[in-house]
Amino acid sequence: MSSEVKPAKKIKDPKIESQKIVDNHKKAAMHHEAAALHHHEAAKHQLAGNSIMACGCNTKAKDQTDLAKKAQKKNAKKQSAIA
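Just so you know, the sequence shown maps onto residues 1 to 83 in this note's numbering.
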């Protein structure tokens with residue numbers, strides 16, 4: 001049996017990690033805001049009777065929501081690592 005030496009874990013600075021969490025919250029908020037704007041545009045197009053444009057706007061909104069969820073998922077991982 002050979003004994004393997006594991007590399008020491010890097011100690012992360014809590015201030016830096018907290019700042020990363022704040023930055024991710026800002027990114028998520030920005031993406032949620034963009035999604036809301038796309039949904040608003042979709043509603044305008046649908047009201048005007050242009051369902052094709054409304055569908056396109058809804059797709060853009062979904063993409064923005066997915067990006068926001070990714071940022072929130074990163075936050076969950078970082079917060080559990082700090083705690």
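One thing to keep in mind: the hints can contain errors.
[Claimed, not checked] Below are the DSS-like pairs computed for lysine-lysine, each with C-alpha atoms no more than 27 angstroms apart in a straight line:
#1 Lys15 / Lys74
#2 Lys69 / Lys6
#3 Lys62 / Lys74
#4 Lys60 / Lys73
#5 Lys74 / Lys44
#6 Lys73 / Lys62
#7 Lys69 / Lys20
#8 Lys10 / Lys62
#9 Lys60 / Lys27
#10 Lys78 / Lys6
#11 Lys15 / Lys62
#12 Lys20 / Lys70
#13 Lys62 / Lys12
[What the hints assert, rightly or not] For each label pair, taking beta carbons as the anchor points, the in silico distance ranges come out as:
#14 Lys77 / Val5: 26 to 32 angstroms
#15 Lys44 / Ile11: 36 to 42 angstroms
#16 Pro7 / Leu37: 42 to 48 angstroms
#17 Lys60 / Val5: 22 to 28 angstroms
#18 Ala29 / Asn50: 47 to 53 angstroms
#19 Ala36 / Asp13: 32 to 38 angstroms
#20 Lys44 / Lys10: 48 to 54 angstroms
#21 Pro7 / Ala36: 40 to 46 angstroms
#22 Lys77 / Pro7: 19 to 25 angstroms
#23 Lys69 / Gln19: 17 to 23 angstroms
#24 Gly49 / Val22: 42 to 48 angstroms
#25 Gln79 / Thr59: 29 to 35 angstroms
#26 Met53 / Glu4: 26 to 32 angstroms
For the record, the hints were derived by calculation from the structure and aren't laboratory data. Heads up, the beta-carbon is just placed ideally off N, CA and C, and yes, glycines get one too.
These are the hints, each one checked on the structure:
Using a Cα cut-off of 27 angstroms, the hinted pair Lys15 and Lys74 holds, with the two alpha carbons roughly 16 angstroms apart. Restraint check for Lys69 and Lys6: not satisfied, since their Cα atoms lie roughly 34 angstroms apart, outside the 27 angstroms limit. For a cut-off of 27 angstroms, the pair hint linking Lys62 to Lys74 stands: about 19 angstroms separates their Cα positions. The suggested pairing of Lys60 with Lys73 holds, with an alpha-carbon distance near 20 angstroms, which does not exceed 27 angstroms.
Pair hint Lys74 plus Lys44 does not hold up; C-alpha atoms about 33 angstroms apart against a cutoff of 27 angstroms. For a cut-off of 27 angstroms, the pair hint linking Lys73 to Lys62 stands: about 16 angstroms separates their Cα positions. Only pairs whose Cα atoms come within 27 angstroms are accepted, and Lys69 paired with Lys20 is accepted, the gap being roughly 16 angstroms. Under the criterion of a C-alpha separation no larger than 27 angstroms, the hint pairing Lys10 with Lys62 is inconsistent with the structure, at around 37 angstroms.
Restraint check: the Cα-Cα separation between Lys60 and Lys27 comes to about 16 angstroms, which is no more than 27 angstroms; the hinted pair holds. At roughly 23 angstroms between alpha-carbon atoms, Lys78 and Lys6 fall within 27 angstroms of each other, so this suggested pair holds. Among the hinted pairs, Lys15 with Lys62 is inconsistent with the structure: their alpha-carbon atoms are about 33 angstroms apart, more than 27 angstroms. Pair hint Lys20 plus Lys70 holds up; C-alpha atoms about 14 angstroms apart against a cutoff of 27 angstroms.
At roughly 34 angstroms between alpha-carbon atoms, Lys62 and Lys12 are farther apart than 27 angstroms, so this suggested pair is violated. As the Cβ distance of Lys77 to Val5 is approximately 27 angstroms, the hint placing it in 26 to 32 angstroms holds. Distance hint check: the CB atoms of Lys44 and Ile11 are about 52 angstroms apart, inconsistent with the given range 36 to 42 angstroms. Separation of Pro7 from Leu37 is about 46 angstroms and conforms to the stated range, judged on CB atoms against 42 to 48 angstroms.
Taken as a hint, the range 22 to 28 angstroms is violated for the pair Lys60 and Val5, whose Cβ atoms sit roughly 51 angstroms apart. Remark: the range hint 47 to 53 angstroms for Ala29 to Asn50 is contradicted by a beta-carbon distance near 29 angstroms. At roughly 34 angstroms, the beta carbons of Ala36 and Asp13 sit within the given window of 32 to 38 angstroms. For Lys44 and Lys10, the hinted distance range of 48 to 54 angstroms is satisfied, since their beta carbons lie about 50 angstroms from each other.
At roughly 45 angstroms, the beta-carbon separation of Pro7 and Ala36 lies within the given 40 to 46 angstroms, and the hint holds. At roughly 21 angstroms, the beta-carbon separation of Lys77 and Pro7 lies within the given 19 to 25 angstroms, and the hint holds. For the hinted restraint 17 to 23 angstroms between Lys69 and Gln19, the CB-CB distance of approximately 21 angstroms keeps it satisfied. Against the hinted window of 42 to 48 angstroms, the Cβ-Cβ separation of Gly49 and Val22 comes to about 43 angstroms, which satisfies the hint.
A hinted range of 29 to 35 angstroms holds for the C-beta pair Gln79 and Thr59, which are about 31 angstroms apart. About 60 angstroms separates the C-beta atoms of Met53 and Glu4, a value inconsistent with the hinted range of 26 to 32 angstroms.
When held up to the earlier numbered hints, the structure conflicts with 2, 5, 8, 11, 13, 15, 17, 18, 26 and fits the remainder.
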